Amino acid sequence: MSEWLESAISRGHQIDDWLAPKRTQAIDLLSTTSWPTRKTEAWRYTSLRAVQNSKAHEIETKTNLLPEHITNLSAIELVFVNGKLDKEQLPDVLPKGLSICLGSDLNKEQQLQALDNFSEIKPKRHLFGLVNDALAQDVVMVSVEDGVNIAEPLRISSLLSLGSESHTRVYVTLGEGSQLAVIEDVQAEGDSLNTAFVEYNVSAKAHLEHYRFALQTGSNVSVGGCHFNLLDHSTMHSTIVAFGSDLSRLDTDIIHSGQFVDAKLNAIYLLDGNELFDLHATVEHAVPNGTTEENVRCIVAGRAKAVFNGRIHIHRDAQKTLAELNNRNLLMSKTAEINTKPELEIYADDVRCAHGATSAQVDDKALYYLQTRGIDRAKANVMLNFGFINELIDLMPNAVLSEWIRPIIRQRFSEMEVRV
Amino acid sequence: MSNTKSLLTIKDLYAGIEEKQIIKGFNLDIKPGEVHAIMGPNGAGKSTMGYVLSGRDGYEVESGSVTFNGQNLLEMEIEERANAGLFLAFQYPVEIPGVSNLEFLKASVDAVRAANGEEAISSSELLKQAKAACKQVDLPLAFLKRGVNEGFSGGEKKRNELMQMLLLKPKLCILDETDSGLDIDALQLVAKGVNSQRSEDRSFIIVTHYQRLLDYIKPDFVHVLADGKIVKSGDASLALELESQGYSWLESADVENNAETKVEG
Chain A
1 MSEWLESAIS
11 RGHQIDDWLA
21 PKRTQAIDLL
31 STTSWPTRKT
41 EAWRYTSLRA
51 VQNSKAHEIE
61 TKTNLLPEHI
71 TNLSAIELVF
81 VNGKLDKEQL
91 PDVLPKGLSI
101 CLGSDLNKEQ
111 QLQALDNFSE
121 IKPKRHLFGL
131 VNDALAQDVV
141 MVSVEDGVNI
151 AEPLRISSLL
161 SLGSESHTRV
171 YVTLGEGSQL
181 AVIEDVQAEG
191 DSLNTAFVEY
201 NVSAKAHLEH
211 YRFALQTGSN
221 VSVGGCHFNL
231 LDHSTMHSTI
241 VAFGSDLSRL
251 DTDIIHSGQF
261 VDAKLNAIYL
271 LDGNELFDLH
281 ATVEHAVPNG
291 TTEENVRCIV
301 AGRAKAVFNG
311 RIHIHRDAQK
321 TLAELNNRNL
331 LMSKTAEINT
341 KPELEIYADD
351 VRCAHGATSA
361 QVDDKALYYL
371 QTRGIDRAKA
381 NVMLNFGFIN
391 ELIDLMPNAV
401 LSEWIRPIIR
411 QRFSEMEVRV
Chain B
1001 MSNTKSLLTI
1011 KDLYAGIEEK
1021 QIIKGFNLDI
1031 KPGEVHAIMG
1041 PNGAGKSTMG
1051 YVLSGRDGYE
1061 VESGSVTFNG
1071 QNLLEMEIEE
1081 RANAGLFLAF
1091 QYPVEIPGVS
1101 NLEFLKASVD
1111 AVRAANGEEA
1121 ISSSELLKQA
1131 KAACKQVDLP
1141 LAFLKRGVNE
1151 GFSGGEKKRN
1161 ELMQMLLLKP
1171 KLCILDETDS
1181 GLDIDALQLV
1191 AKGVNSQRSE
1201 DRSFIIVTHY
1211 QRLLDYIKPD
1221 FVHVLADGKI
1231 VKSGDASLAL
1241 ELESQGYSWL
1251 ESADVENNAE
1261 TKVEG
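Same order as they appear, the protein sequences are chains A and B. Here the first sequence stands for residues 1 to 420, numbered as in the numbering used here. Here the second sequence stands for residues 1001 to 1265, numbered as in the numbering used here.
Hints were generated in silico from the structure; no laboratory data involved. Fair warning: this is a prediction, and the values are worked out from it, not measured in the lab.
Below 25 angstroms or equal to it, Euclidean Cα-Cα: the simulated SDA-like pairs (lysine to any residue) are: (1) K1106/B <-> N381/A; (2) K1128/B <-> K1145/B; (3) K1171/B <-> R377/A.
Part of the chain B face toward chain A, derived, beta carbon under 10 angstroms: (4) E1080; (5) N1083; (6) V1094; (7) E1095; (8) E1103; (9) F1104; (10) S1108; (11) Q1164; (12) L1168.
Glycine included, every Cβ here is placed at the ideal spot set by N, Cα and C.
Input sequences plus hints: build the corresponding full structure.
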């Protein structure tokens, strides 16, 4: 076991609050888990050295950081500063049908109820998910009442100051037939370490629109997860946009618990320099008639490293499942690296399931077409490569967000280090 | 007109793809302002001509020469040909999701302008011109924001090609079966667009299988292409003749006699 994990466990032991039963559970599991090495499948391509060497520690100080300004976005702001909820930044009045509260502010009875659900969606296999169970600072519970459509998106921003260690945790419940959009984003200063896990319980006929912007770069270490439990006839549309840092890892779990669920996940990553981003996306089709569509596209330049593991597990009873996984990658330099692994496990016989992973080349016909319109080859290549990413930006349901992120991505793309 | 300098001169051209010879001794001379129709059965090499002239990768020229506006066309890059004023309207325009039509148009118009020593067009001016062009070809303005040809119907793609032509103002437009898959209304619209662009310094090659487009765009010359070369040339009345006779007569032996019939502009 590593020193870092030992320290995490001992700190977890010292916390005595309403979550204690769950913390103990997590610590028990952690105590019997060995620290991942390169032989550990889930961490095969991503070294945890940055965690082991991290000097980050929990700090109380306030930060000067502010959530990134998103032009024209009007959102309900939920701000975490170094893992602690900043209550002052919460709006005084929330829209009707939406509640946001700290787990520690609930009454005894509510806490017992919350304990029943807490950490039940996030699978136990995520090492840092267990660390987060043990060390989560403020646990924020968000809930939307049945049938309520929250017009403004809820934005969960994590602000991480220099050298800080933090463990952010949110639990979101969408009532039956309700609708909510959630934006998760991070602003990180150097040498910070953060685990951030969000669980989503999406009731029948509810619709969740979800974004996770992991745009932190540099010497930040982030390990997190988004875990979705989807009940009958619910729908979700998730977009992940990531740059890389010393270590940036995200685990998503899309769990079809109810029938006729429609889930979409689009992920874009653009990595440069020595950055790393690792996405492990798991889809569980436990019941029949579910639909999943996953599109993952990355552009990797410099000496950066991209990791994608896309697992689709279709259980024996999950007949009539439609699942599609498409992963396309563009290597911009010889020294960049992409490790991609689609994993389909299909135990039902009446399903349609397709996957593809390619290290994409620019489409010759498209290149020719642009050239016949006078655009030179180099420029046409750039347009097509950017188009490859832009296609998924176009699919973002919230136009304010796509208009905000597009130039940011374009800028990053134009600065990428190409080494042929 | 016979003293006017030629815009395009193709001499004894042999070309093909992957060792397969498709163009076999092709000759054509086009002067500014002329409209030439090239007709012929499937497999005659009609589309290949467009690809060879535009410089598509994989299309190899074995022998012969092509002079465009005084320059050796065959030595130019694809984009140089475009910037010199050659425009190919595709039979099957490619869809490019993620690249917006407007972004594409701007890059394209700017490239042509740069080649002519002009400054890049301002976004607002381009938008103005693009809107006007959309209106002219009856393409909804929303299409400017969509990916290039993405999800466009066959007819919409053809109109998008035409819209580009209106913005780029080429010297020579090759329309490769632009009429295929169009209903009569769309056909008339395309013809109207083309006719509006006819001028003394702009020429057209209209490649088509059927005569009907030529009801609306009156060609100055009609050529029959068979097995990689022009086997018969004439004026607009030749198209009507073909319409009534079909192409089966091409198989008869006397075609050879007509092979050298060259129309002097």
